[in-house]
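Take a look at the letters that make up each chain.
There are 2 protein chains.
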Amino acid sequence: MNYPNTLKNLIDSFKKLPGIGEKTAERLAFSMLNFKDEDIDVFSKSIKDVKEKIKKCNICSNLTEDDICLICSDNNRENDILCVVEDTKGLMLFEKIGFFKGKYHILDGLISPLNGINPEDLNIDRLLKRVEQEKIKEVIIAVKPTIEGETTALYILKILEGLEVVVSKLAHGVPIGADMEYLDPMTLEMAMFDRKKISE
Amino acid sequence: MNYPNTLKNLIDSFKKLPGIGEKTAERLAFSMLNFKDEDIDVFSKSIKDVKEKIKKCNICSNLTEDDICLICSDNNRENDILCVVEDTKGLMLFEKIGFFKGKYHILDGLISPLNGINPEDLNIDRLLKRVEQEKIKEVIIAVKPTIEGETTALYILKILEGLEVVVSKLAHGVPIGADMEYLDPMTLEMAMFDRKKISE
Chain A
620 MNYPNTLKNL
630 IDSFKKLPGI
640 GEKTAERLAF
650 SMLNFKDEDI
660 DVFSKSIKDV
670 KEKIKKCNIC
680 SNLTEDDICL
690 ICSDNNREND
700 ILCVVEDTKG
710 LMLFEKIGFF
720 KGKYHILDGL
730 ISPLNGINPE
740 DLNIDRLLKR
750 VEQEKIKEVI
760 IAVKPTIEGE
770 TTALYILKIL
780 EGLEVVVSKL
790 AHGVPIGADM
800 EYLDPMTLEM
810 AMFDRKKISE
Chain B
620 MNYPNTLKNL
630 IDSFKKLPGI
640 GEKTAERLAF
650 SMLNFKDEDI
660 DVFSKSIKDV
670 KEKIKKCNIC
680 SNLTEDDICL
690 ICSDNNREND
700 ILCVVEDTKG
710 LMLFEKIGFF
720 KGKYHILDGL
730 ISPLNGINPE
740 DLNIDRLLKR
750 VEQEKIKEVI
760 IAVKPTIEGE
770 TTALYILKIL
780 EGLEVVVSKL
790 AHGVPIGADM
800 EYLDPMTLEM
810 AMFDRKKISE
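Residue numbers (this note's numbering), protein chains in the order written: chain A, 620 to 819; chain B, 620 to 819.
Honestly, the hints are just simulated from the structure, not real lab data.
A hint or two may mislead.
Identical chains share a label here; the pair holds if one copy fits it or two copies do between them.
[Claimed, not checked] In silico SDA-like pairs for lysine to any residue, Cα to Cα no more than 25 Å straight-line:
id	residue 1	residue 2
1	K748	G640
2	K634	L747
3	K642	K763
4	K634	K815
5	K777	G728
6	K642	E684
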């Protein structure tokens, strides 16, 4: 295509984003021709800012502009309960729903020997230190229920052994509103195994 | 959500793009944290550049960084045939397929009295001048087959009346590969009316 160079550069940049193909990149780039000047400035600047200013929280590894993230520095949250998640997306999931009032610990991955990811590559050492120093009463492991997730959960359980802390993990079972016939056998088995008594 | 400000700004910027909602904006913004530094620079710069440097070609109104666009200044193209399109997207459609070797004229819209768009709001005057000055032999009207498109086509036909130029418009008919039963009656009627004899 005979696009002017600047337009071509912008299209190419959009194409580097996940899930954005040629056609969408063109549509997005064209739409920017109609952006207001101040929106252009903000967009252009925030792209650079995000890369330059966003770093990881020194405590929980959440994204932050300061040394300590907004959640870790929030004194209104419960200080003695930690929700352990794989990445920032996991944290966001819970924050969006908003019912969890404790703090987080981001592992920055899951143990996966096949992919060369060992416990020392993850943010697990600091979890141990936090449990001791911050007098954590409960660690809720909220990672995905895959082999990597289960391995990681077992590893965390092991290193926290002997400490005065309750370790729990998310319940498995039938999702609310789910069509039972499309559920995988493992989930159904778990749901049966963890069944809750509802009679007196 | 407790996003750091810079991240929030980037998400908000992405949300201003067409078809990008909250979730996609978040996904795109997060993905940029893993961009290479040089990609970040190019992206940030091209957003500003596109708004600052891209303007309309003095001849055909195509997008360009110079006074004259790449197509108008291409001496290898046929100089006496013009394809009249509504906007740059229309031009791109033909350029992508690549069979049209003439030049273009972009109207920057279609006549639509209901929306207050009259012929003088469009790039039609210049079309008349071009046909005269550039000794155009054929003007192909390639606008969409709506009331606005047909009105615009009729208007162009009228103002070119009396000049030594053939005015044509795209054929209507059954699209290749189309499922006949989903075609609208108007298209079928047109296809029947413009039927082509295939026997000797």
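A quick look at each hint next to the structure:
no.	hint	in the structure
1	K748 with G640	neither (44 Å within a copy, 39 Å between copies)
2	K634 with L747	neither (41 Å within a copy, 39 Å between copies)
3	K642 with K763	between (34 Å within a copy, 20 Å between copies)
4	K634 with K815	neither (49 Å within a copy, 43 Å between copies)
5	K777 with G728	within (18 Å within a copy, 68 Å between copies)
6	K642 with E684	between (34 Å within a copy, 22 Å between copies)
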